[in-house]
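Chemist: Using the sequences and the hints, build the whole thing.
2 protein chains.
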Amino acid sequence: MTIQGQQFIGETAVKGANGEIFGFDAASGEKLQPSFGGATKDDLERACALADAAFDTYRETSLEERALFLEAIADNIMALGDELVERCCAESGLPRARVEGERGRTVGQLKLFAGVVRDGGFLELRLDPALPDRKPLPRPDLRLRKIPLGPVAVFGASNFPLAFSVAGGDTASALAAGCPVIGKAHSAHPGTAELVGRAVQKAVKDRGLPEGTFSLLFDSGREIGQGLVADRRVRAVGFTGSRGGGTALMRIAAGREQPIPVYAEMSSINPVFLFPSAVKNRGEAIGKAFAASLTLGAGQFCTNPGLVIAVESEGLDSFVKGAAEALSGMPAAVMLTRGILDAYRKGVDAVAGHAAVAEVAAGQDGGASRGQAKLFAVKAEDFLAARELQDEIFGAASLVVRCRDEAEVAKVIESLEGQLTVSLHIDEADHAAAKAILPKLERVAGRLLVNNFGTGVEVAHAMVHGGPFPSTSDGRSTSVGSLAIDRFLRPVCYQDMPAALQPEALRDGNPLKLFRRVDGVMGQN
Amino acid sequence: MTIQGQQFIGETAVKGANGEIFGFDAASGEKLQPSFGGATKDDLERACALADAAFDTYRETSLEERALFLEAIADNIMALGDELVERCCAESGLPRARVEGERGRTVGQLKLFAGVVRDGGFLELRLDPALPDRKPLPRPDLRLRKIPLGPVAVFGASNFPLAFSVAGGDTASALAAGCPVIGKAHSAHPGTAELVGRAVQKAVKDRGLPEGTFSLLFDSGREIGQGLVADRRVRAVGFTGSRGGGTALMRIAAGREQPIPVYAEMSSINPVFLFPSAVKNRGEAIGKAFAASLTLGAGQFCTNPGLVIAVESEGLDSFVKGAAEALSGMPAAVMLTRGILDAYRKGVDAVAGHAAVAEVAAGQDGGASRGQAKLFAVKAEDFLAARELQDEIFGAASLVVRCRDEAEVAKVIESLEGQLTVSLHIDEADHAAAKAILPKLERVAGRLLVNNFGTGVEVAHAMVHGGPFPSTSDGRSTSVGSLAIDRFLRPVCYQDMPAALQPEALRDGNPLKLFRRVDGVMGQN
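Note that the protein sequences, when read in sequence, are chains A and B.
Residue numbering for the first sequence follows the UniProt record's numbering, beginning at 1 and increasing consecutively.
Residue numbering for the second sequence follows the UniProt record's numbering, beginning at 1 and increasing consecutively.
Heads up, some of the hints might be wrong.
It does not matter which identical chain is meant; a pair holds if it fits inside one copy or across any two.
[To be verified] Straight-line Cα separation of at most 20 Å, SDA-like style, residue types lysine to any residue; simulated pairs:
1) K346 with R134
2) K513 with A377
3) K15 with V518
4) K41 with V360
5) K513 with G523
6) K513 with Q524
7) K111 with E442
8) K111 with D519
9) K111 with R139
10) K411 with A53
11) K440 with Q258
12) K15 with V459
13) K321 with V518
14) K379 with E60
Since the hints were derived computationally from the structure, they do not count as laboratory data.
Modeler: In structure tokens, the structure reads:
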């Protein structure tokens, strides 16, 4: 199976005729073969029509069938072997161990959702049996399940070419929910996208599912992506990328004749709070661990620690010292794309040029083609006066905010935009102080973690990777972990529906042996 | 406790100073005393500040405390006695039995949500215990719960002065979720609003809750309502009303620095599908039942059957005959407000004046101050060519769409906007045909009901009162029934949080004995 420059429209594989797209070797900048073509409006139309046609069949596949499909995708991705790993390394500049790890995560996500589908809890089954003798009025028979929203547009992410792209978390959760998926490949890794797309397409065919269950389009500009979000047959959007890109899609979705939900994961600087006792006892060690988190994957994580908040103290100085020492040994890193590198440098230059900001540490300089880690510091009062210092710099740059006292820490918290994560570094002596600000931090973020950093997002049932705007467009949900399936569902009630017309999961006797609420009581009845 | 013309800002009761508002006797048009005053911008600011200040305390009340609060509101509403019923009858023009029934429903909703709070299922508790020895990386300890979004703005509805107004479904579900509520009283029933607002305020005080848990503002224009939705401290909106009003609030919410969810229940014509065998066997009886549903509450229900779809047949003629006979005996009805009556007449005139539409039945004419029921008919091909025939006419008007065949029925379904309900009238001989179109109907509506009409919305666990746009702004949710609590929640993950800082519901040993998912497995562990 070699890369042929093809996109996938249902069961067909075809090169797009709308402009030429190339992958590039992220390290060398060299153009990679073959060329890819952007989708035409006809391709978009056909993918949407097929997805719409597939929806009613795909969504009524049995839970077991759907789980087997997700597992087949996982198997097919592994079967791509080294070609996938090598192409992905080249297109992303990420090291082999990371790409192999990310492949493991991608496959793990698909298998997690296979389990979620079999469990059936996501269906939120509820039965309120008829009460024909109730006075003054009888109660009808009411049965509720959640059904999928419809075809979902999934935009591949630059920073997770496997785990949040063609068969990544958004695709896995949408397919698990029963939604056909139309992927929009990220132009930075077209070869990776094609390989994974073919793996999904093969699973659709092998499992005998309707061809429109999955399509993958390339886009030589923005027309196809925007057209997907605007198409009346598309009923939800999954996106991971920039704030500008995400809010543009939100506007398109809100302006449709029928607005649809957009789940955009966009921008987070993931504040790290250092508490007095913790930094006093182990400031330097926290600083070293921070430097490792900051530079992981060239800082190209949504959960990268871009802000450090602490009260002035010797402990804080130790933290900065530890971070500076560790960073000084960190090599500059290849970034995902030339565009991302340029944006990183521009962001760093803007902060460095700020009158109130001082550079306090840096990684090694790697020349024009590498991203150099940077740590800056600023007084809280200056930070509070300069809203732009909260703008995400995608890459290994962070800012220490030095506060005079706890009251100033509280002001900084008040000023924060929505975040994916907040980290607290605390010792037992800090517990009371931590407890006092936890309610404020809960308002800000989707995940609160202690004595660690947000990088390294566990794919699990209790994970939340989501938070108030602008970290995501919709803080009521998560994009990582099994709860992500909820994003693509809506409830439907069946009233006095004859048994022959009821969905199987809702029939008397609980034939599928799922958890259901009967008269409000949860159980396996 | 008499009506004093006051609004409630936390624990204070004060007459608004921004313009004069009067209630009117809906039947006579007579002005009711006393006068009320619209809230000033200062009132709005203070209500928002109090709600924000109350949030962190109120949301961490124990489940039992919160349940008792909801029950106290219910008791206080009943304690208002006849003054509430009489004022509500006068302001709404609704008959006493309906108002008493609606009061029962309002109290029932509050008690239902008390049960939902005690059950704790809405917290969606999940634990993935640490795996310190896992290779290649240990798994951290992850715990998830849902927390409330923050202060919620609730807009009272004209057509449910009790059940969807000051202490109605939106307020009950938001308070149950842990959100402070700022109500915006509907100007059509200010006296009813004040009485109920005082009942809520008393419960806040008696239960020792922070005063900002509840406020109620009057609005002499649109400035206060719009200001509420725009305020940065308000985090969600509940609204029941017109499509124009709802979409205006959606735009304000989407344009905020931090966009927030709007749950607007707006516009639905609730299609009724008559199947061949059913109308053949009992067309006339269905027609009579239809007329009763159409004219219930002067047709002023969101679930009023505004569209009837069937293939031409003698059975359909019997249906029209039955409906016409029943309607001919129906007296014209007082409508909620003069504005609603005017809008109803305008809507009826527009349909009546449509070249392709014929009037086939009417209720009794009640003169200029009453709404007369109307039934129209149109050929499917003409209906499909005239999008405006799908506009909701709020009141007792409906339109029969006569289709040539099943293919034309399918075309009509394709053309439908999102709906709250769809009704199917079927006999066993119709099951196969019904089964064939059910998937299409599921895409359109939130509730599918058989051999009945959508009016009469049961408040239950398995109810869905919500559907795709424009029936609601967010079809992923319901505004009636216990699942409504989900609208006001978001998930938060706690990673490696020391036991002393964990929320009680998530601690080891399950101290609250709630359902939780541990490693993905549902149980009471």
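Chemist: State for each hint whether it applies.
Modeler: Each hint, compared with the structure:
no. : hint           : result
1   : K346 with R134 : neither (70 Å within a copy, 40 Å between copies)
2   : K513 with A377 : neither (58 Å within a copy, 47 Å between copies)
3   : K15 with V518  : neither (52 Å within a copy, 46 Å between copies)
4   : K41 with V360  : neither (51 Å within a copy, 46 Å between copies)
5   : K513 with G523 : both (10 Å within a copy, 15 Å between copies)
6   : K513 with Q524 : both (6 Å within a copy, 18 Å between copies)
7   : K111 with E442 : neither (30 Å within a copy, 29 Å between copies)
8   : K111 with D519 : between (33 Å within a copy, 14 Å between copies)
9   : K111 with R139 : between (41 Å within a copy, 17 Å between copies)
10  : K411 with A53  : between (53 Å within a copy, 15 Å between copies)
11  : K440 with Q258 : between (35 Å within a copy, 17 Å between copies)
12  : K15 with V459  : neither (34 Å within a copy, 54 Å between copies)
13  : K321 with V518 : neither (60 Å within a copy, 41 Å between copies)
14  : K379 with E60  : neither (58 Å within a copy, 34 Å between copies)
Hint check: violations occur at hints 1, 2, 3, 4, 7, 12, 13 and 14; the rest are consistent with the structure.
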